[in-house]
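Novice: These are the residues of each chain, in order.
Protein chains: 4
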Amino acid sequence: MIEIKDIPNFINGNWVSSRSEKFLDVKNPATQDILGKVPLSTNKETLEAIDASYLAFNDWRRTPATERIQYLFKLKTLLEENLTDLAKTITIECGKTFDEAKGEMRRAIENVEVACGIPLMMQGYNSEDIAPGIDEMMIRQPLGVSAIIAPFNFPGMIPFWFMPYALACGNTCLVKPSERVPFTLHKITRLIESTGLPKGVFNLVNGAKETVDCILEQPKVRAISMVGSTPVARYIYSKAATYGKRAQCQGGAKNLTVVMPDADQDMSVKVLADSAFGSAGQRCLATSLIIMVGDSVDWFKDSICEIAQNRKVGYGLETGIEMGPVISPHNKNRIEGLIQKGINDGAQVLVDGRGAVISGYENGNFIRPTVLDKIPLNSDVFHTEIFGPVLGLIHVDSLDIAINIINSHVYGNMSCIFTSSGMAARKFRYEVDAGNIGINIGVAAPMAFFPFSGWKESFFGTHHGQTMDAVDFFTQKKVVIERWPKEWSRKF
Amino acid sequence: MIEIKDIPNFINGNWVSSRSEKFLDVKNPATQDILGKVPLSTNKETLEAIDASYLAFNDWRRTPATERIQYLFKLKTLLEENLTDLAKTITIECGKTFDEAKGEMRRAIENVEVACGIPLMMQGYNSEDIAPGIDEMMIRQPLGVSAIIAPFNFPGMIPFWFMPYALACGNTCLVKPSERVPFTLHKITRLIESTGLPKGVFNLVNGAKETVDCILEQPKVRAISMVGSTPVARYIYSKAATYGKRAQCQGGAKNLTVVMPDADQDMSVKVLADSAFGSAGQRCLATSLIIMVGDSVDWFKDSICEIAQNRKVGYGLETGIEMGPVISPHNKNRIEGLIQKGINDGAQVLVDGRGAVISGYENGNFIRPTVLDKIPLNSDVFHTEIFGPVLGLIHVDSLDIAINIINSHVYGNMSCIFTSSGMAARKFRYEVDAGNIGINIGVAAPMAFFPFSGWKESFFGTHHGQTMDAVDFFTQKKVVIERWPKEWSRKF
Amino acid sequence: MIEIKDIPNFINGNWVSSRSEKFLDVKNPATQDILGKVPLSTNKETLEAIDASYLAFNDWRRTPATERIQYLFKLKTLLEENLTDLAKTITIECGKTFDEAKGEMRRAIENVEVACGIPLMMQGYNSEDIAPGIDEMMIRQPLGVSAIIAPFNFPGMIPFWFMPYALACGNTCLVKPSERVPFTLHKITRLIESTGLPKGVFNLVNGAKETVDCILEQPKVRAISMVGSTPVARYIYSKAATYGKRAQCQGGAKNLTVVMPDADQDMSVKVLADSAFGSAGQRCLATSLIIMVGDSVDWFKDSICEIAQNRKVGYGLETGIEMGPVISPHNKNRIEGLIQKGINDGAQVLVDGRGAVISGYENGNFIRPTVLDKIPLNSDVFHTEIFGPVLGLIHVDSLDIAINIINSHVYGNMSCIFTSSGMAARKFRYEVDAGNIGINIGVAAPMAFFPFSGWKESFFGTHHGQTMDAVDFFTQKKVVIERWPKEWSRKF
Amino acid sequence: MIEIKDIPNFINGNWVSSRSEKFLDVKNPATQDILGKVPLSTNKETLEAIDASYLAFNDWRRTPATERIQYLFKLKTLLEENLTDLAKTITIECGKTFDEAKGEMRRAIENVEVACGIPLMMQGYNSEDIAPGIDEMMIRQPLGVSAIIAPFNFPGMIPFWFMPYALACGNTCLVKPSERVPFTLHKITRLIESTGLPKGVFNLVNGAKETVDCILEQPKVRAISMVGSTPVARYIYSKAATYGKRAQCQGGAKNLTVVMPDADQDMSVKVLADSAFGSAGQRCLATSLIIMVGDSVDWFKDSICEIAQNRKVGYGLETGIEMGPVISPHNKNRIEGLIQKGINDGAQVLVDGRGAVISGYENGNFIRPTVLDKIPLNSDVFHTEIFGPVLGLIHVDSLDIAINIINSHVYGNMSCIFTSSGMAARKFRYEVDAGNIGINIGVAAPMAFFPFSGWKESFFGTHHGQTMDAVDFFTQKKVVIERWPKEWSRKF
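Protein chains in written order, with the numbering used here: chain A, 2 to 493; chain B, 2 to 493; chain C, 2 to 493; chain D, 2 to 493.
Hints may contain errors.
One copy or any two copies: either way a pair holds, since identical chains are not told apart in the list.
As the list claims (entries may be wrong) - Straight line, CA to CA, 30 Å or less: simulated DSBU-like cross-link-like pairs of lysine-lysine:
#, residue 1, residue 2
1, K342, K271
2, K240, K221
3, K375, K302
4, K457, K200
5, K457, K45
6, K240, K457
7, K342, K313
8, K103, K75
It is worth saying that the hints were derived from the structure and are not from the lab. Predicted model only: the values in this text are computed from it and were never measured.
The task is simple: from the sequences and hints, build the whole structure.
Specialist: Encoded structure:
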């Protein structure tokens, strides 16, 4: 599956081995087997990639949008043809199940499809006769070099919230994958290469924080798109601004969800278990806290525990597995520590997933689904993004209190409600301070023709990824006022 | 005209005198007469204004957009009824001529008119059946408290690039006028008060840098709109980002303009003199450098000097005056110093406006129109924003060279071309790196239904002021995914 | 209130008495008092009005949109200042209550407000580099002369679904009011005149079918907007097409509404009574048939009868009156005949409003609220638009059957559901074939920033009135492709 | 190339031979060889196709747009893979050159690309809180069955102005190709079949006027898209309206073009010869009349004659051929008759293309390029669409006169100007009454992301083909107003 060992960079259309002396091991989180080595590229290499992007810009920008999208149409076909291989690669280096990985790639492809509509999406607007004989128009033009800093949890999807739009709008693009999961983007870049995209339009540089800093400090880079934890998002947003760039930085989340007494019982339990434990809880739209309102506790609590206990944990490539490992031993330790901290702070363990041993994968970073009840509102497990398969429960008497708790939280990525009442749904939608709202939905991930929103500490910036938000982010507006006065006519 | 002496703040619907011990004199730049005192409000006062804005938000946001715009319709009427008084106030404290001041207020009113269209502009979008039975929608909701930091050169217009939209979208608003010209906004606030706008929705705090820092550091303030010099714009953009806010910061400009040999001669000379010397060169769209291509030098150079020499300089309230003073003795000194620096660096003085003495206004900060020829490309007068009535000339052989010079400049606010050739115009529009382009236009100020663009060091951010850019800036997108599955139906 | 007796036409900025020999009496429907005479203008007069519109077009089109909307801003102010007088006029000639008439004028004003946003709404779009060096843009330009044929039931509102947009887009406009209620539009035209609108831009011609035919046959008229009964709408749509025009023709309605067992009881009864009997049932969004699902019959049927019986009927200008007369004795007879026909066909009379005698208004065309139960699906009262205060009830077992009944009807103007279930609301919204859907709303009249939709036999055309639909209808798209090839450059 | 002889219909996913007794021969216009037979289907067959479309609608409409577009992505790939075969088929049955036919298919594919963006294009819009607690949204829903009536001159392209959008929006579709060129659409339908599109979603019925009438009279058909001559367009538009349908009907053209003295000489002659004689003049964007302004006659007239004389006429599949035959002997006779009529009316023949004999293709319907000078403004050759390789010249003194002549013409499809002056271009663009404007463009065919416009007698309707116009045409707007009042809450 993963045939190469040492990951090269892709600079100006060439695959080049890093000249760095610093490499990190990339490991299969289910086995701790070393899959290969990823370079922490030197700043010189990063600068070469930026220069390649910069030099390729002029021609790429002058390539009509109708031609630029032909590469995306090809990429869609290639991604579909290679879906199985890409999904397996994701499972191997990132840990999620094969089905989850395929779903991830589907969302990536959806963004390519939407970006194929750039000729329409990139249109400007115009007014005739703003004054007699004077016309005005707004033209969208690309920025130049854009950079994408990708996280480890969706190596195949998240770059696609930005990259297809950046390219389709006429920008050149530099992507830095997470150093923990470099293989997926490596393979995707191979496919991009196969589309025949001109040299330098798309570049890939492996690295970690030093690479990010180098990118941030370079004036040739005009725009930064990033997804990661809130402290890193805040750091990058602030530093990008200091260097005058535009930035869109997506951070952490807690995704508080409400279960009302009138919700569909079987469906909500099932859907919420998938939300809490899918991808081992390592996703920015994982439900981490559920607020049970009124009597819903009666039918919800036991059921969610039962489903948590029975969830089949193991290696994501094996059949029937419902949940894989977390990304690293370090993350496993951190998560188990946060569970203990929660217990110390007063939460009750209903299901304890610590100390998981998966037969045949004894070295894997596995944690089984964990359910904590009676989460204190001033505890770490309430406030901190755990990023693991840990679900906290809270019980309140009314929807109003539930909404107050949600709105008191620093994060505002997603919030869902399960109910059969149109009134409760409308109240929730109207009042909750979160960017992505689900009504009877467990993972309210916006389609590619909607922005991937996010509010409060979950997002820094004004334009989100996907759809017209991405087009706005990756273009700059040029306003033209034009006059050709009659009296200038002499000949005609 | 200006009846009050000490400027109060307007907080939570009340006019309150500042408890500060620090006050600055506000002076008429044509006379140096003291018009009154403006407080540098204490941080405690600023926080009171922020709190008032914060507390007023919930009700204002819940006021339907159709009602919110009624205050704007009223404001439009009031601004028109008080146009003369407002324009005179601008002339008195800011120095520009009465006609220029009236034109300024016209542009302010235009923005009120456009913001009256918020019910339409603020619409979100939606898709039925993103999957069977699942719908998705994007709703625009206001941010909360927004703050506007205004510059001295357009005290009546620039706040309107932002404020009508901020309010119409359901935000509350805090404005800090320039401490040099606080009277205009004071009077405008009186009119806003007359519309019956609910308490706390609009607040006015006087102050300087300390007030700005206080605003930037407050988490309750969600958005910063600012116009000023590039160093200040960069500072505010960076600091706003550090505090997690969105910001739109407009900075300096140089507005290089090209005159082609085939341009209409009379028109281009006249229009460009107005652009260079209007508002005494103190505007972000003032043409500061003109690149004469080929033979255009023959008919352009002498004519522009003649018109510069004959421009009638004086007190803006007097009839026939075409140009007023600059804002302060300090600015006058700085501008005259830059002229001398230009001469030292090799430029030739064709018209020297230094040492101007205007009879009857001997204390005024007057500089007459100044024309410098053969501006060296590595000189300060080439690179620095002078913000005074100083026009530099450059002579080149081709449009290509002219565009190269323009694109080498750090600023990218406006750039214009004068030509009769459709080809030259298109090439210019396509290739020039500036946000506002004029074709045979001297001051390419976008109408209120276009963004006030700006590129490179002239703007930091992604959304500009005016029109849909402002709506995007002053709203956050909430994405809602909704499912009401069939099988949940039991009763019907 | 109504001071004039003989209604003049308004042609080319002049009020001119008709030279016709045919006049009709205009009567107060509450008293049968003659209010004045309305001319059936000669075709010659209609042609004069068309010619005036045609000649005024060239200058009006060349007036910038920013100037054109100034007349609308003024008109908004004038309509508000004259709201009471206009509403009283509506009550006097049309019969509805004063409150209903004021509400009507509010909706008219809303459309003026939205049309003030034309500079933004009328923008075209553009693409740079559809091929290297070739640009394309779409410009919206006005059509020329547009004509509006108004119905009797909303003399003050319905012309505003079209007219403000037609004018703001740069068209000139000819309006023919209903010959039964000419005074309201006469007064509105007086206000339009006061705005200072240039001569010929707006013209008013009184008349009936002959006038309509004359308008339809004239090639100078480019667009027809009309609201009336379905047979007339179909006739005008077809004839307009034969003469090559674009047309938007709104016809009849039945507005079947569903009451679910889980609906809010008090609210739904109250709201639906207002919908059925408001304006004496003479509106295209009056609920005429209510389908009670399951147990809802238990609490709904008696309550609606009670409220129907107690509705206070009388002269609309008197305090406390909740319902006025129908427009004419002829209409009263027709409605009473349809009630009898319904009874003959098998419906049960629960409340019989026939033979109403209103003390002091014995000559008025009054019918009291009428409720018929068990409406047979093959009866005339099921199929025919009654246009009077007659409500039919149907009882079914399930929402599915209710929707089937709705979708079997030839009309598709509005359909509402009363429920607390999000699921029922979504199913209804998704499946019902009607253009305007209400969820717990009795009169789902779209706001001015939404199209006034209508499906099936209730509407003929593609663009509705109001908002961007009106802008699309009143403009034609001009597509421009532009090339200024490099090689053509010789001089520069 | 064309393997089949008798063209079947494609109804409900099956290829079925017509049961008709009426068949027409399809001939190669370059040879008069019989290529096969096309049925004039019986009305019973047409009704079967309509019924199949009608029955397929419900499921297709409920297929999410994201799935519907997958068939279009596949169709794009298939059209590209079969481009050569399709282009050859076009040449064989329609006569145009192979290069022209390939270009035609490119434009078809572009429309498929744009329609792949339907998920975004089909979004509705929404407003929160139109009143406190009340929300409103507009949803676009498909119409049902749509029908496309195709002309002979672009058998591969014109159906794509409509069909991809109709399908992507969720409508089902019935296409009737021109009975003269049925093979191309037959082959395209084979490709559509290969995409796996569900049965009944796309249907093809062969026939002529009787088939069209049958379609027009069927209430199940909701929308008619048609391109043809103006009399037929007018007939269909009128009849569709009589049956309550929406219709978009494109008719004839004359495409008057202006050559200014300052135009690029070589380019304009070359480009205009291509426009006049390309596709043997049988296209709705063929330049048929050129107005030479002032001195342009000196360099334009002789050059265009020379290029006309030297144009290589012959069988379109042979290498180097620049122009093919016209569609039929009848059309050839008609065109030659119109040339003679022009001469009789006073025009001067500069190049006479009549009596063409092409060696090896003596039976072909060839006419060589023809140039007539001094076209009288009251002659048939001025007014009538010739639809053959006949170019008329007119000489005037000024652009104003040229524009007057253009605007006096009944057609308004396209109009172009050749000039280097921005002023002349703007004046032309602003003043000319034509829907498609070219500036230094010979065939101003809008890209697929712009509407294919057309004004005056060249178009009947309000929405054009392509892009958002097609989406507007193929959807109906449903407006939903929703209230879930707080006081209804009892449980929570």
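Novice: Can you list which hints this structure breaks, lowest number first?
Specialist: none
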